[in-house]
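Participant: Here's the letter readout for the chains.
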Amino acid sequence: MGWIHDVLAAKGVFAALIRAVLWAVPILLLLIPAIWFERRLLAWMQDRRGPNRVGPFGLLQPIADITKLLFKEEVIPDGVDRFTYVLAPVLALMPPIILGAGIPFGAYGVYKLLTPVSDLSVGVLYVLGISSIGVYGLVLAGYSGNNKYSLMGGLRASAQLISYELAMGMSLACIVLATGSLNFTSIVRSQEQPLWGISSLSWLQNWNVFTPFGFLAAIVFVVCMFAETNRPPFDLPEAENELIAGYHTEYSSAKFVSFLMGEYFAMLVYGTVFATVFLGGYNLLPFNWDTVEAHVPALGGLCHFMAWISNNLAPLWLIGKVAATLFAYIWVRATLPRLRYDQLMNLGWRTLLPLAVADLVLVAIWVLAVSTYGAGWGMVIAVVLMLVGLVVYVNIVSVGRRKSDPLASRSVTMVSIAPERVVIPEPAEVQPSGAG
Amino acid sequence: MNPNLFAFSVVAILSVLSALGVVFFKNAVRSALSLVATFALLSVLYLTLDAQLLAWTQLVVYAGAIMVLFLFVIMVLNLSKQPALIERRDPKLMLATLLGFGFAGIIGVQVVTPLLPPSEIVKDPVLAPNGFGQPQAIGMALFTDYGYPFEAISVLLLVGIVGSILLAKRRLR
Numbered sequence: 001m002g003w004i005h006d007v008l009a010a011k012g013v014f015a016a017l018i019r020a021v022l023w024a025v026p027i028l029l030l031l032i033p034a035i036w037f038e039r040r041l042l043a044w045m046q047d048r049r050g051p052n053r054v055g056p057f058g059l060l061q062p063i064a065d066i067t068k069l070l071f072k073e074e075v076i077p078d079g080v081d082r083f084t085y086v087l088a089p090v091l092a093l094m095p096p097i098i099l100g101a102g103i104p105f106g107a108y109g110v111y112k113l114l115t116p117v118s119d120l121s122v123g124v125l126y127v128l129g130i131s132s133i134g135v136y137g138l139v140l141a142g143y144s145g146n147n148k149y150s151l152m153g154g155l156r157a158s159a160q161l162i163s164y165e166l167a168m169g170m171s172l173a174c175i176v177l178a179t180g181s182l183n184f185t186s187i188v189r190s191q192e193q194p195l196w197g198i199s200s201l202s203w204l205q206n207w208n209v210f211t212p213f214g215f216l217a218a219i220v221f222v223v224c225m226f227a228e229t230n231r232p233p234f235d236l237p238e239a240e241n242e243l244i245a246g247y248h249t250e251y252s253s254a255k256f257v258s259f260l261m262g263e264y265f266a267m268l269v270y271g272t273v274f275a276t277v278f279l280g281g282y283n284l285l286p287f288n289w290d291t292v293e294a295h296v297p298a299l300g301g302l303c304h305f306m307a308w309i310s311n312n313l314a315p316l317w318l319i320g321k322v323a324a325t326l327f328a329y330i331w332v333r334a335t336l337p338r339l340r341y342d343q344l345m346n347l348g349w350r351t352l353l354p355l356a357v358a359d360l361v362l363v364a365i366w367v368l369a370v371s372t373y374g375a376g377w378g379m380v381i382a383v384v385l386m387l388v389g390l391v392v393y394v395n396i397v398s399v400g401r402r403k404s405d406p407l408a409s410r411s412v413t414m415v416s417i418a419p420e421r422v423v424i425p426e427p428a429e430v431q432p433s434g435a436g
Numbered sequence: 001m002n003p004n005l006f007a008f009s010v011v012a013i014l015s016v017l018s019a020l021g022v023v024f025f026k027n028a029v030r031s032a033l034s035l036v037a038t039f040a041l042l043s044v045l046y047l048t049l050d051a052q053l054l055a056w057t058q059l060v061v062y063a064g065a066i067m068v069l070f071l072f073v074i075m076v077l078n079l080s081k082q083p084a085l086i087e088r089r090d091p092k093l094m095l096a097t098l099l100g101f102g103f104a105g106i107i108g109v110q111v112v113t114p115l116l117p118p119s120e121i122v123k124d125p126v127l128a129p130n131g132f133g134q135p136q137a138i139g140m141a142l143f144t145d146y147g148y149p150f151e152a153i154s155v156l157l158l159v160g161i162v163g164s165i166l167l168a169k170r171r172l173r
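So the sequence lines, in the order shown, correspond to chains A and B.
Numbering-wise (this note's numbering), the first sequence opens with residue 1 and increments by one.
Numbering-wise (this note's numbering), the second sequence opens with residue 1 and increments by one.
Derived by calculation from the structure, the hints in this document are not laboratory data.
Mixed in with the good hints, there may be bad ones.
Derived lysine-lysine pairs resembling DSBU-like cross-links, with alpha carbons at most 35 Å apart [claimed, not checked]:
hint	chain 1	residue 1	chain 2	residue 2
1	A	K148	B	K169
2	A	K148	A	K72
3	A	K148	B	K26
4	B	K169	B	K26
5	A	K68	A	K148
6	B	K92	B	K26
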């Protein structure tokens, strides 16, 4: 095993290539289970069987799907803008794959050498930058098709992705402020610290989603993540009942597949970013096993075992968290109807962005309070401030709701399945008009 | 050819070419795209100078946000290829050409002079000190030494935003 260390420890092009392949190939391979997972899970949620003919449980269905799409006739319509038409699928496919270059999937033993592809000091900014390049795939596809439906899809995509990228950046900024670093490796390492910075809770890990401000930022991030990947309920750019197929109306065969694959890669990689920033990265459970062992020596054997699998099978736990995120994607898709355009803009600009900015202020106050009063009181102050903010916010929203028109608010009214007895009001007796 | 000079000139020439493309493409979308390419190549130049934060901020802000809005506007306006409206013998054109070439000359001299043969930079480039261009260093500089200009700019931007809302929202109550 020594030579592997020697090869990888060298900071050469070769080692970097190996790390890049070790990142890209699993993402490419995860596409297949991801498509299967989505189709079967969606079928289950919609009370139907889903694909179950190709392979056991329909496991080979994704391969059949992609093969079918790839062998379709490739049509390039006459009126398209050739250069951008060819460029767009590439721009839709590549950014999601390279998005995760700064993400570590393990930190102990050999993983220290294998991951991340590049330990960027500005990892969070890198994610935002690359994801903003991904917008061009959709926008250019919409433009180059020379079709009004695809143009409208492209317009919607550009407006939607810009709006939600802002809120996503702010929610990541909260974590960056709390952690004090833009680097994913140190963000994960800071989540292995004692919970809330309180030393008596040192057997628990400080996953960002467990802190009050981190929880708020996680909610904002998840919503923005759905919007950035164009998943339902944010699939306005490809709303099939309004825009045929939106921005990829004019695409067929391999170019269409690259849009499809780009969407799945984006789902997977954004899920990885979410797991890394908020869910403790590659750690299996939010426990510091050596501290647990110190507290409860009787559990020593279990702790050794858990620490061992947590460290040595680290990529598996990251994939598990990504799968959980994927489940959320599909669950939301099966549950929520598509947003209207004004609802989309309202949610992005008037709910998520102010929420994220308020959260940033909260984190700043928390950082200050911790440095002044210590970790325990800092957390108390943060929680109290958050509750006060919540009360104020709810009041502001309820005032706003009363004034605005009822269509603007998004709500679902549940209707009882059992038909109620319909009471037909007796017609009022007709008064004889006049005495004739 | 010196490898340092070679690397710099490849990126620099490409970025100048794409910048020229912004002006010379007849199609507005092509122009916008070559502006995106210019921004991307500039951020590559920043990366070669070890300014990672600047490079990625450039990409996020300009390529990611501003240019997408430009494209949005271009697509909404649906610009068609129009014959260029240029008056012949327009004194403004003369003046603009003169000023443009003058400005290009000033910048060109700044860039090219240090790279000419008896140059120390090309042979033995000075490596950036440790921590240069890192977020910590830039943050410290922005909020301590340059705190006042930083806040002044933020107020200026706020005024700009409020002003543009005022202009866009004619119907004031």
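Participant: Would you mind marking each hint as holding or not holding in the structure?
Facilitator: Status of each hint after checking the structure:
1. K148(A) <-> K169(B): OK: K148(A) and K169(B) at ~29 Å, within 35 Å.
2. K148(A) <-> K72(A): At roughly 24 Å apart (the allowed maximum being 35 Å), K72(A) and K148(A) satisfy the hint.
3. K148(A) <-> K26(B): Holds, at roughly 22 Å.
4. K169(B) <-> K26(B): Within the cut-off at roughly 33 Å; holds.
5. K68(A) <-> K148(A): Holds, at about 28 Å.
6. K92(B) <-> K26(B): Holds - the C-alpha atoms of K26(B) and K92(B) are around 22 Å apart, at most 35 Å.
The structure is consistent with each of the numbered hints, conforming to all of them.
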